Structures are given as C-alpha cells and as structure tokens.
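Visitor: Residue strings, one per chain:
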Amino acid sequence: RKEVEQDPGPFNVPEGATVAFNCTYSNSASQSFFWYRQDCRKEPKLLMSVYSSGNEDGRFTAQLNRASQYISLLIRDSKLSDSATYLCVVSAGGSYIPTFGRGTSLIVHP
Amino acid sequence: DGGITQSPKYLFRKEGQNVTLSCEQNLNHDAMYWYRQDPGQGLRLIYYSQIVNDFQKGDIAEGYSVSREKKESFPLTVTSAQKNPTAFYLCATTPRTGHTEAFFGQGTRLTVV
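These protein sequence lines are chains A and B, in that order. Mapping of the first sequence onto our numbering: residues 1 to 110, in sequence order. Mapping of the second sequence onto our numbering: residues 111 to 223, in sequence order.
What the hints contain is simulated information worked out from the structure, not anything from laboratory work. A quick note: this is a predicted structure, and the numbers were derived from the prediction, not measured. It is possible that part of the hints are untrue.
Under the rule of at most 25 Å between Cα atoms (straight-line distance), these lysine-lysine pairs were calculated in the DSS-like manner [as the list claims (entries may be wrong)]:
1. K181/B with K45/A
2. K181/B with K119/B
3. K181/B with K124/B
4. K180/B with K124/B
5. K42/A with K119/B
6. K193/B with K2/A
7. K2/A with K45/A
8. K45/A with K79/A
9. K119/B with K180/B
10. K181/B with K193/B
11. K167/B with K180/B
12. K167/B with K193/B
13. K167/B with K2/A
14. K42/A with K79/A
15. K119/B with K45/A
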C-alpha cells in the first residue's frame with residue numbers, strides 16, 4: 001500500500017462547479033498535512049496547510065480526518081485558472097520528510 | 111530575496127555520462143531533499159539531508175549520489191548507473207523541525223539523448 005494515495009482523475013468540471021478531492025495516508029504517526037498546486041512543467045507551490053480543526057482560504061476548504069486517515073480539499077465556484085494538478089503532502093513527526101501523493105488533475109472548462 | 115535556485119533549467123545527457131544538478135538555498139533551512147517526477151506521477155524521494163555532512167537514501171537512490179558539504183548546497187549527481195534518468199528533478203528544503211511546508215526550486219528537466 002502506498003503511503004499517500006490520491007485519485008489521479010482527471011476531474012473535468014464546468015466553471016462555477018464545486019469539486020472535492022480526497023487523499024488517504026497510511027502512517028498513523030503523520031503530523032503535518034498540506035495541499036500543493038502544480039501547474040504543467042512547473043514546481044509545486046503550497047496551496048494551503050491542513051489543520052485538525054479544518055481551515056478555509058477563500059474558495060478553498062481543507063479538512064483532516066485522523067480517525068479515517070484522510071484529508072480533503074474542497075474548491076467552490078471553480079475558475080478556469082484552477083486547472084492544475086493538486087498534490088497531497090504528508091509528513092510524519094520526527095523526520096518531517098514530505099511524502100507526496102501522485103496528484104489529482106483538475107480541468108475546469110467554460 | 112530568499113529562495114532556492116536550481117540549475118540548469120534544462121540538461122541533456124548522453125548515454126554513459128555523469129551529470130550534476132545544482133541546488134542552492136539561502137533560506138537557512140537545515141533539511142534539503144531531491145525528488146524525481148515522471149510524467150503523470152507524483153514526486154519520489156531520491157536523497158535527503160537533514161544536517162551538513164550527513165545524508166540518507168530515499169526510495170529511489172540507485173544510480174544517484176549527493177553531497178552536503180555546506181548548509182546552502184545539495185548537488186545531485188546522476189550517474190551512468192541510472193538507466194532511465196529522463197525526468198523532472200526537484201530540490202526542496204524545510205526547516206529541521208516544526209510543521210512547516212516544503213519550499214521548492216524551479217526544477218531541472220533532464221533528458222537523455
């Protein structure tokens with residue numbers, strides 16, 4: 001079983017739609033959780049950290065479920081510019097080595 | 111400005127050659143990482159270093175070597191033993207402790223010709 005798993009998609013949605021991605025992790029000692037965005041042929045960039053209580057940044061909401069070992073990302077009112085690959089990143093306490101999922105591709109169309 | 115600089119941006123390697131990818135940071139971060147990304151895939155860890163003069167193998171270290179002689183620098187050598195080196199290589203850093211995100215360089219795209 002991979003340490004961090006994501007549905008690769010693609011998720012193909014119209015502008016204005018709401019879309020959600022999930023990511024599961026296998027290491028119960030994981031302590032840090034992040035969502036990154038990666039545009040084609042570019043480096044990943046931090047979208048948002050994920051906190052135990054859940055957190056929101058504009059149209060983006062991230063949640064953590066420790067009991068079921070998954071994190072989620074919800075995007076409301078999708079824009080064409082949201083088209084990208086979204087990477088789930090998890091790191092365990094102690095080493096803090098970032099471990100990446102393979103990413104979920106989102107395509108927002110007019 | 112603080113950041114991570116990878117060079118070159120594009121690199122072409124002939125069969126049987128060793129090549130070295132540069133990664134320099136001025137963020138004063140202790141930990142540095144090298145990842146490889148293949149098309150449609152996530153990032154796989156090659157090597158990491160959490161302190162100067164020490165480094166550890168990641169999941170796919172075979173055919174690669176690194177050094178960490180200075181805090182600011184973590185070069186990656188792709189040796190001729192790496193049979194399929196064509197990929198996008200990303201260098202990242204984190205502070206040694208704390209729940210903080212990884213910061214990335216702009217990447218080096220290596221192609222075997």
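Visitor: In ascending order, which of the hints set out earlier in this document are inconsistent with the structure?
Guide: Per hint list: 3, 4 and 10 violated.
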